[in-house]
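Enquirer: These are the residues of each chain, in order.
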Amino acid sequence: GESVGLHLPTLSVQEGDNSIINCAYSNSASDYFIWYKQESGKGPQFIIDIRSNMDKRQGQRVTVLLNKTVKHLSLQIAATQPGDSAVYFCAETPFDGSARQLTFGSGTQLTVLP
Amino acid sequence: DGGITQSPKYLFRKEGQNVTLSCEQNLNHDAMYWYRQDPGQGLRLIYYSQIVNDFQKGDIAEGYSVSREKKESFPLTVTSAQKNPTAFYLCASSIDRDSAGYTFGSGTRLTVV
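Quick note, the sequences are listed as chains B and U, same order.
Following our numbering, the numbering of the first sequence begins with 412 at its first residue and continues without gaps.
Following our numbering, the numbering of the second sequence begins with 9 at its first residue and continues without gaps.
Just so you know, these hints were derived from the structure itself, not from any lab.
Misleading hints may appear alongside valid ones.
In silico DMTMM-like pairs for lysine to aspartate or glutamate, Cα to Cα no more than 20 Å straight-line [stated by the list, open to error]:
1) B:453 with U:32
2) U:91 with U:70
3) B:453 with U:23
4) U:91 with U:23
5) U:17 with B:450
6) U:79 with U:46
7) U:79 with U:23
8) U:17 with U:46
9) U:78 with U:32
Negatives, chain B to chain U, calculated, CB over 12 Å [stated by the list, open to error]:
10) 442
11) 453
12) 481
13) 493
14) 498
Over 10 Å on every C-beta distance to chain U, these chain B residues come out as not near it, computed from the model [unchecked claim]:
15) 422
16) 437
17) 445
18) 456
19) 467
20) 474
21) 477
22) 496
23) 504
24) 512
25) 513
26) 517
Computed from a prediction, not measured in an experiment: that's the story for all the values here.
Using N, Cα and C, we set each Cβ at its ideal position, and we do this for glycine too.
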């Protein structure tokens, strides 16, 4: 499948500041996007998703923005906390008529500084 | 609690040895997946199964084999043909093949010694 990439491999933010993690995707057929959080030695956890008929979706302290024109996805975390330190992956999937398979980006390591 | 369980958490394999990683789910999900994760990289799909007794190769299936005899179980065998098996292996499941809402297990770290 086509790759999903991230602009920055690492991001450091001060506790309490807002974090923005970016993701570029290349498969124009993708219609569903998901952000996952992965803590060290654990499996990815679902954070938030968005479908291609939307450009913004908000959750608790997190917002995902989708810009289909430039194939760009971002995750915004408000008032970043130490517990937010993890690797964040974006994933995309088109529906090809048989099954959905996720294509993952390489991840961004978010470090929250005290 | 419903969930997906992988075992063991850590596994050591000698050169030329086959090993099997366990993945069990009690979520009543039809679809199950195996991913490989290398340091600093994203997840790459090894095999997936949309329904019992059916499975398909993913992007990096060479050197791996799977079975899906029961809905709840999707074991992955890393064979001696896999030349670089040291990695973190993640199993996931979803309600059905049309769903991208994956639930992941906690992973198995395989090391060749």
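Enquirer: If a hint holds in the structure, say so; if it does not, say that too.
Expert: Checked hints:
Annotation: proposed proximity of residue 453 of chain B to residue 32 of chain U holds, straight-line Cα distance about 16 Å (limit 20 Å). Simply put, residue 91 of chain U and residue 70 of chain U have alpha-carbon atoms about 10 Å apart, close enough for the 20 Å limit, and the pair holds. Under the criterion of a C-alpha separation no larger than 20 Å, the hint pairing residue 453 of chain B with residue 23 of chain U is inconsistent with the structure, at around 26 Å. In summary, the hint linking residue 91 of chain U to residue 23 of chain U is supported, as the alpha carbons are separated by about 9 Å, within the 20 Å threshold.
Only pairs whose Cα atoms come within 20 Å are accepted, and residue 17 of chain U paired with residue 450 of chain B is accepted, the gap being roughly 15 Å. Pair hint residue 79 of chain U plus residue 46 of chain U does not hold up; C-alpha atoms about 28 Å apart against a cutoff of 20 Å. Taking the CA atoms of residue 79 of chain U and residue 23 of chain U, the gap is near 32 Å; set against the 20 Å cutoff, the hint is violated. Taking the CA atoms of residue 17 of chain U and residue 46 of chain U, the gap is near 16 Å; set against the 20 Å cutoff, the hint holds.
The straight-line distance between the Cα atoms of residue 78 of chain U and residue 32 of chain U is roughly 10 Å, inside the 20 Å bound, and the hint therefore holds. For residue 442 of chain B, the non-interface assignment is contradicted: its Cβ lies about 10 Å from the closest Cβ of chain U, within the 12 Å cut-off. A cut-off of 12 Å between C-beta atoms contradicts the statement that residue 453 of chain B is not in contact with chain U; the least separation is 6 Å. Listed as a non-interface residue, residue 481 of chain B keeps its Cβ farther than 12 Å from every Cβ of chain U; the least gap is roughly 21 Å.
At roughly 21 Å from the closest C-beta of chain U, the C-beta of residue 493 of chain B stays outside 12 Å, upholding its exclusion from the interface. Non-interface status of residue 498 of chain B relative to chain U is broken: a Cβ of that chain comes within 12 Å, the nearest being about 9 Å off. Against chain U, the non-interface label of residue 422 of chain B holds: every CB pair exceeds 10 Å, the least being about 14 Å. With 10 Å as the threshold on Cβ separation, the claim that residue 437 of chain B sits away from chain U holds: the shortest Cβ distance comes to roughly 14 Å.
Its beta-carbon lying about 6 Å from the closest one in chain U, residue 445 of chain B breaks the requirement of being farther than 10 Å from that chain. Distance check for residue 456 of chain B against chain U: the nearest CB is about 7 Å away, which does not clear 10 Å, and the non-interface claim fails. A cut-off of 10 Å between C-beta atoms confirms that residue 467 of chain B is not in contact with chain U; the least separation is 19 Å. With a cut of 10 Å on Cβ distances, residue 474 of chain B stays outside the contact zone with chain U, its closest approach being about 19 Å.
Every C-beta of chain U lies more than 10 Å from that of residue 477 of chain B, the closest at about 15 Å, which supports listing it as non-interface. Distance check on residue 496 of chain B: its Cβ is at least 16 Å (rounded) from any Cβ of chain U, clearing the 10 Å threshold; non-interface status holds. With 10 Å as the threshold on Cβ separation, the claim that residue 504 of chain B sits away from chain U is violated: the shortest Cβ distance comes to roughly 5 Å. The claim that residue 512 of chain B is not at the interface with chain U is violated, since a C-beta of that chain comes within 10 Å of its own (minimum 6 Å).
The non-interface label for residue 513 of chain B is inconsistent with chain U: the shortest C-beta to C-beta separation is roughly 6 Å, within 10 Å. Annotated as non-interface, residue 517 of chain B brings its C-beta within 10 Å of a C-beta of chain U; the closest such distance is 5 Å.
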